[in-house]
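Novice: Okay, here's what each chain looks like letter by letter:
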Amino acid sequence: MSGGHTTMRCGEFRTSYRADTTIFPTPMSRRVALGAVVLAASFPLWLNAYYLNLLIQIGYYGIAALGLNILVGFTGQISLGHAAFFGFGAFCSAWLNNRFGLPVVLAVPLAGLLTTAVGMFVGIPAGRLKGLYLAIATLASQFILEDFFARAEWFTGGSAGALAQPFTLFGFAFNNDQRFFYVVLVAVIVMYLAGANLLRSRDGRAYVAVRDHYLSAEIMGINLTKYRILAFGSASFYAGVGGALYGHYLGFVSAEGFTILLSIQFLGMIIIGGLGSVMGSLLGTAFMVLLPEVMEASAQGLGGVIPGLKDSVAYLKQMAIGLAIILFLIFEPQGLAHRWKLTKAYWKLYPFSY
Amino acid sequence: MSALPQVSAARPVASAVAAAPLLAVDAISLTFGGIKALTEVSFEVRPQEVFSIIGPNGAGKTSLLNCVSGRYRPSRGRIAFKGTDVTALRPNERCHLGIGRTFQNLALFNHMTVLDNIMVGRHHLLKNNFFTGALYWIGGAQREELEHRRAVEEIIDFLEITHIRKAIAGTLSYGLRKRVELARAIALKPDLILLDEPMAGMNLEEKEDMARYILDLNEEWGMTVIMIEHDMGVVMDVSHRIMVLDFGRKIAEGAPEAIIENPHVKTAYLGADVEMSVVADAGGPA
Ligand SMILES: Nc1ncnc2c1ncn2[C@@H]1O[C@H](COP(=O)(O)OP(=O)(O)O)[C@@H](O)[C@H]1O
Ligand SMILES: [Mg+2]
Chain A
1 MSGGHTTMRC GEFRTSYRAD TTIFPTPMSR RVALGAVVLA ASFPLWLNAY YLNLLIQIGY
61 YGIAALGLNI LVGFTGQISL GHAAFFGFGA FCSAWLNNRF GLPVVLAVPL AGLLTTAVGM
121 FVGIPAGRLK GLYLAIATLA SQFILEDFFA RAEWFTGGSA GALAQPFTLF GFAFNNDQRF
181 FYVVLVAVIV MYLAGANLLR SRDGRAYVAV RDHYLSAEIM GINLTKYRIL AFGSASFYAG
241 VGGALYGHYL GFVSAEGFTI LLSIQFLGMI IIGGLGSVMG SLLGTAFMVL LPEVMEASAQ
301 GLGGVIPGLK DSVAYLKQMA IGLAIILFLI FEPQGLAHRW KLTKAYWKLY PFSY
Chain B
1 MSALPQVSAA RPVASAVAAA PLLAVDAISL TFGGIKALTE VSFEVRPQEV FSIIGPNGAG
61 KTSLLNCVSG RYRPSRGRIA FKGTDVTALR PNERCHLGIG RTFQNLALFN HMTVLDNIMV
121 GRHHLLKNNF FTGALYWIGG AQREELEHRR AVEEIIDFLE ITHIRKAIAG TLSYGLRKRV
181 ELARAIALKP DLILLDEPMA GMNLEEKEDM ARYILDLNEE WGMTVIMIEH DMGVVMDVSH
241 RIMVLDFGRK IAEGAPEAII ENPHVKTAYL GADVEMSVVA DAGGPA
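These protein sequence lines are chains A and B, in that order. For the first sequence, the numbering used here puts the final residue at 354, and the numbers step up evenly by one. For the second sequence, the numbering used here puts the final residue at 286, and the numbers step up evenly by one.
This is chain A alone, in the form it adopts within the complex (with noise of 0.2 angstroms):
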């Protein structure tokens, strides 16, 4: 009977320290979670094809951009490269499927692989480079895989570019708005799951600790070449999934997409967002992404009222992504997710907050 009792009261603790470790911490969060889930699922039956590609959009840039939150954010160093990753999972994916056949299903993860030890290798420096050196040290790799996309013909098809194939998992084709949105939502839950659980172990703990005092760190027993070798590592992983499906939604892979404008953009993702929050990566994609949506259909709207304004649409595109994210610098520096959580305390204590 004793036994029993302690068994029992074994099992408690366990499950109280597990409730405490959940990735939503209360029921209340895990609802609203859920029910995101749910609805989004359902925006493929009401929603119009273009509002589909824009959250498609936001799904594959705000996978690549939690890849780069966890190098900047949580781990504390600096990539000007990441869009050549993203680039680089594209073109990969796409050859893979083309020149042997694998199926795209296995193409995405498998060139989500490959981009890992391309950004692994690029990172090694990183173990020896900080601040200002590792951000040139990343913009030379960002030039060095442009220039490789443009010179290796076999791979990315040069300056033609590549065909990719369509998603197909049993012969079904999601080769639509419609279709292709499930696999992107289905990929970033996957993925955002993968990095609150990986942000909430040994490693992703390693990665904040190197971030916040890589001397104590190293006394704590973590090898930090290994580390900030692996946080690239990690980065490019999501950037490689993240551009794989970018490649098979669009059907067409070239090179004048990855940019380093793309690369400060993922910036700007982050740092919109939030850096260091998981949640917040998604948030930042997603106010990039509709920014300049939001501006053009303004433009539209006031055309008539301000006379030259739809002719100069595309600079103030362009000009509201820099003042966002400087903007952003200065009043908000911890980004949409803190905001976020003012909103959700400020709900939770309503109607006695003020």
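Keep in mind that the hints were calculated from the coordinates and are not lab data. Any given hint might turn out to be false.
No farther apart than 27 angstroms at their CA atoms in a straight line, the calculated lysine-lysine pairs in the DSS-like style are these [claimed, not checked]:
no.: 1; chain 1: B; residue 1: K166; chain 2: A; residue 2: K344
no.: 2; chain 1: B; residue 1: K266; chain 2: A; residue 2: K226
no.: 3; chain 1: B; residue 1: K127; chain 2: B; residue 2: K189
Model the placement of chain B with the ligands on the given structure of chain A, informed by the hints.
Specialist: For chain B with the ligands alone, coordinates are given in the frame of chain A:
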């Protein structure tokens, strides 16, 4: 002077006196661009001992601990831990062998919770990695994390920081942060724990608590302790042996009673009321 319960004058060490040393530091020297921080310092620490290092500011105490933990590499001499030469090993490798430490200037992971800070201490004992960690529910990462969580909660109970376990480390008071740092070092399960001024900046009550924790660590958790501390009352009470550093040289080593009587020590560190003749006799620490 000290408000601590008086421990018996000579604290007996649990292990036999003749036991092989846990740590053997052999004639290490350390220079910083012309400044001699340490000059041919040798000492041994036996298992289960509380070994204190005292000396004036700038004497080289922290540098010495840095050599033992691997932060600095001595320019000369060697350091053996458990009989293995560790002189060339990185700090993280020494951690795996069983050396843990706290810092004189706080070195917590300021944006993490107290709990996560201490969990980082379990890093080298955990086996889950980026892959199994990402899968979490499949492959045992969750089970392992929760097991270690339980061990960490024990340390949290021991150091009486239950109420702040979810707090962000950077927001805590100085005294509490010192305590969290100790918790993190204990979480490493080290055989040898290095404490650099664990009571600096604490009030009397906090000092008393800290002294009790150190005694418990030594007597109940079986850890060997090397401690740098300025509060002589505490040092006299908790140490088995004391080493005195001055200008990077060892000037004395021995039991607390012997140290307090040592004329070199009086000159260098303890008192001003020593006649010049004593210094002349000894020929200075050179
Ligand atoms: N990283 C360093 N760079 C240059 N000089 C140092 C460094 N660390 C310590 N020193 C010098 O070594 C000497 C001993 O310092 P330290 O070990 O901190 O003394 P203590 O801990 O006994 O107060 C001091 O003169 C100090 O200035
Ligand atoms: Mg010091």
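Novice: Against the structure shown, which of the earlier numbered hints fail to hold, in ascending order?
Specialist: 2
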